[in-house]
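S.K.: Listed here are the chains, written in short residue letters.
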Amino acid sequence: MVLESFLSSVLEQTAPLLLAALAAMITQRANILNVAVEGMMLVAAFTAIAVGGATGNIWLAFFAGVLASVLASQLLSIMTLKFNADFVVAGLGINLLAGGATLFMLERLYNSPGGLRPISFPELWHVPAGSLAFLPVIGPVFEGQSIVVLLALLAVPLCWVFLYRTPVGSYLRAAGEDEHAARSAGIRVDRMKALAVTISGLLSGLAGVQLAMDKLQFFLPDMTAGRGFIGLAATLFGGGQPWMTAAAAFLFGIFGALGDRLQAFDIPSQFILMLPYAAALLGLTFARWRTVMRNRPAKITE
Amino acid sequence: MTAFNDFLRAVRAPLGAITLTLLLGFLLVMMITDQPVLAYRDLLLANFDSWSNFGLFLNRAMPLALIAIGITFAFRAGVFNVGGEGQLFAGAITTTMLGVALAGLPPVLLFPIVIIGGIAAGAFLGWIPGVLKVKLGVDEVVVTLMLNTIVLLFTSYLVNQVIRDTAAYGAVSQLVPKEIWLPSLPGVPKASSGILAAVVLAVVSWVVLFRTKWGAELRAAGTNLRYAEAIGIAAGRRVIGAMLVAGGCAGLAGALYVLGIGHRFEQNFSPDYGLVALTCALLARIHPIGALFTALFYALMLNGAAYMQISTDVPRSLVDLLTGLLVLLMTARVVISRRKA
Numbered sequence: 102m103v104l105e106s107f108l109s110s111v112l113e114q115t116a117p118l119l120l121a122a123l124a125a126m127i128t129q130r131a132n133i134l135n136v137a138v139e140g141m142m143l144v145a146a147f148t149a150i151a152v153g154g155a156t157g158n159i160w161l162a163f164f165a166g167v168l169a170s171v172l173a174s175q176l177l178s179i180m181t182l183k184f185n186a187d188f189v190v191a192g193l194g195i196n197l198l199a200g201g202a203t204l205f206m207l208e209r210l211y212n213s214p215g216g217l218r219p220i221s222f223p224e225l226w227h228v229p230a231g232s233l234a235f236l237p238v239i240g241p242v243f244e245g246q247s248i249v250v251l252l253a254l255l256a257v258p259l260c261w262v263f264l265y266r267t268p269v270g271s272y273l274r275a276a277g278e279d280e281h282a283a284r285s286a287g288i289r290v291d292r293m294k295a296l297a298v299t300i301s302g303l304l305s306g307l308a309g310v311q312l313a314m315d316k317l318q319f320f321l322p323d324m325t326a327g328r329g330f331i332g333l334a335a336t337l338f339g340g341g342q343p344w345m346t347a348a349a350a351f352l353f354g355i356f357g358a359l360g361d362r363l364q365a366f367d368i369p370s371q372f373i374l375m376l377p378y379a380a381a382l383l384g385l386t387f388a389r390w391r392t393v394m395r396n397r398p399a400k401i402t403e
Numbered sequence: 063m064t065a066f067n068d069f070l071r072a073v074r075a076p077l078g079a080i081t082l083t084l085l086l087g088f089l090l091v092m093m094i095t096d097q098p099v100l101a102y103r104d105l106l107l108a109n110f111d112s113w114s115n116f117g118l119f120l121n122r123a124m125p126l127a128l129i130a131i132g133i134t135f136a137f138r139a140g141v142f143n144v145g146g147e148g149q150l151f152a153g154a155i156t157t158t159m160l161g162v163a164l165a166g167l168p169p170v171l172l173f174p175i176v177i178i179g180g181i182a183a184g185a186f187l188g189w190i191p192g193v194l195k196v197k198l199g200v201d202e203v204v205v206t207l208m209l210n211t212i213v214l215l216f217t218s219y220l221v222n223q224v225i226r227d228t229a230a231y232g233a234v235s236q237l238v239p240k241e242i243w244l245p246s247l248p249g250v251p252k253a254s255s256g257i258l259a260a261v262v263l264a265v266v267s268w269v270v271l272f273r274t275k276w277g278a279e280l281r282a283a284g285t286n287l288r289y290a291e292a293i294g295i296a297a298g299r300r301v302i303g304a305m306l307v308a309g310g311c312a313g314l315a316g317a318l319y320v321l322g323i324g325h326r327f328e329q330n331f332s333p334d335y336g337l338v339a340l341t342c343a344l345l346a347r348i349h350p351i352g353a354l355f356t357a358l359f360y361a362l363m364l365n366g367a368a369y370m371q372i373s374t375d376v377p378r379s380l381v382d383l384l385t386g387l388l389v390l391l392m393t394a395r396v397v398i399s400r401r402k403a
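Sequence lines, in order, name chains A and B. The opening position of the first sequence corresponds to residue 102 in the numbering used here, with each subsequent residue numbered one higher. The opening position of the second sequence corresponds to residue 63 in the numbering used here, with each subsequent residue numbered one higher.
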């Protein structure tokens, strides 16, 4: 029982991280360092709660949230690809804009700068309790998880198929690996980048929707709390490969779930929360160190 | 005359971005209040209504200006330093820890110790991404982003579990000894004299960057690292040096904040100074004296927003929204003009 409830909480913590990581991964493969995942998640979370609270319709809320994130990604793509803005600067701009605009609307429309908590909020579809009782361990872990968690798990193979088994996916990777070569081969590099940013917006939107709608059903300013950056860290840790990225996201999800539990012991929660960032930093450094060591010129013996 | 024309050309783009953002903001304000002119007057000018407002405005500008000046060095050396926030926090917490732990020392000794401690902590945090970039080619944006979160969590631990003032509300540390507080600016009671350090450093930085060999080498390393190395410049060391300066400036900002304004470490003392200072540096076209002015402009808006919220019903988060817009627009270039050229 303990194991199952732990695994269930790992899965729940991982889902938004996994989606954010895949969002950053797709753009990473098009050679874009996407720091805007965080802001796009925030926009999706706010829109989902606002629309869900106003209409009481769960699917309207779900799609509105994802759509808002995709629109934010289009803003990023127009500023960078059409108007040549720097990707990192514009991405940080999206984050600031998302934080500012959601706070502005909280203060202006809802008169509650502290957050938005609709009195009633429709439920996302969850795997019904007892429906998977025939599966030992795995059954209880999946029972009660929202549909977005399942979508997040499904997104990993989908991303893999897209990147490695479709022509568009290989164009996208080619555009990311060598822009000039790809252009001479007739690939429309800007279109590939725009596509990557759009997919990234879609996945970030799912991440934000899951974060706000699954269990909490409310919106807080800055409620994404760096998850977009953890996703980015997972992508870099996983070297931009779908399966490794997913594994890294799960690792960080385990740290998150552990953090909740270890607070009962004497370890300060801040150190647990640091783990994903420290792991990403060390992992990235180690990966670069190996590359540098492998590529160094052979030593001339005296 | 040509110098004046050069100056005009340099300020045209930043002024354009600022004007466009302020115009968009004005449209937004017009939609939500009957007194848009009053709202904008307060946003931009209420800082000058009284000496105390003016002092608070200078206090707001100090950390922004110092971090932005530091970031100028990083950018000129080709390093995208997003780590201002972490470096600022490292400086502030180190100054506070030293001040609280060594409270018994005579102020003449303690003051330099806490200042140098703050600068060193910030510089150390700048050194990490610098060295990783030069030696291993690790992307500095990622490293500084990760370090920011790590440092913020670490300071949160220190201030909550180690040096917390249990009598005070919220996550704040014990006070540093009164003897080492910075004096206020002569004539402006509420203003800390830390702003003077920013003004002096802006001028010094300009001289160092544009009138010394070290600065020229640093800029050469930033323009083209391999070329700089090929002509015999220790380019890698210049890049690391630039990051030490950038981190040191942010650390100094933290130290001066604690000594001059907060008098203790507060976990929420920064409205994202690091990122806003990055904005200031970019807006100033990576020029130290320009950065001083953009920092003053930003401080004007950040504090003005609070006055605007009191006098009209425009939420102060308008400024956060405008900042986002400005950052988004800032590096954008209209392509048509480039194609003609």
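Source of the hints: derived by calculation from the structure; they are not laboratory data. By construction, the Cβ of each residue, glycine as well, lies at the ideal position given by its N, Cα and C atoms. Mixed in with the good hints, there may be bad ones.
Said to hold, decoys possible - Incomplete in silico selection of chain B near chain A, CB under 10 Å: (1) L215; (2) N222; (3) I225; (4) D227; (5) Q371; (6) I372.
Said to hold, decoys possible - A short list of chain A residues far from chain B (calculated; beta carbon distances all over 10 Å): (7) E105; (8) L172; (9) G201; (10) I220; (11) E224; (12) I239; (13) P241; (14) S271; (15) R284; (16) Q371; (17) M375; (18) L382; (19) T386; (20) W390; (21) V393.
S.K.: Each hint needs a verdict: does it hold in this structure or not?
M.R.: Right, here's what the structure says about each hint:
no.: 1; hint: L215; result: holds, 4 Å
no.: 2; hint: N222; result: holds, 8 Å
no.: 3; hint: I225; result: violated, 14 Å
no.: 4; hint: D227; result: violated, 18 Å
no.: 5; hint: Q371; result: holds, 9 Å
no.: 6; hint: I372; result: violated, 13 Å
no.: 7; hint: E105; result: holds, 30 Å
no.: 8; hint: L172; result: holds, 14 Å
no.: 9; hint: G201; result: violated, 3 Å
no.: 10; hint: I220; result: holds, 23 Å
no.: 11; hint: E224; result: holds, 31 Å
no.: 12; hint: I239; result: holds, 33 Å
no.: 13; hint: P241; result: holds, 33 Å
no.: 14; hint: S271; result: holds, 24 Å
no.: 15; hint: R284; result: holds, 17 Å
no.: 16; hint: Q371; result: violated, 4 Å
no.: 17; hint: M375; result: violated, 5 Å
no.: 18; hint: L382; result: violated, 5 Å
no.: 19; hint: T386; result: violated, 6 Å
no.: 20; hint: W390; result: violated, 6 Å
no.: 21; hint: V393; result: violated, 5 Å
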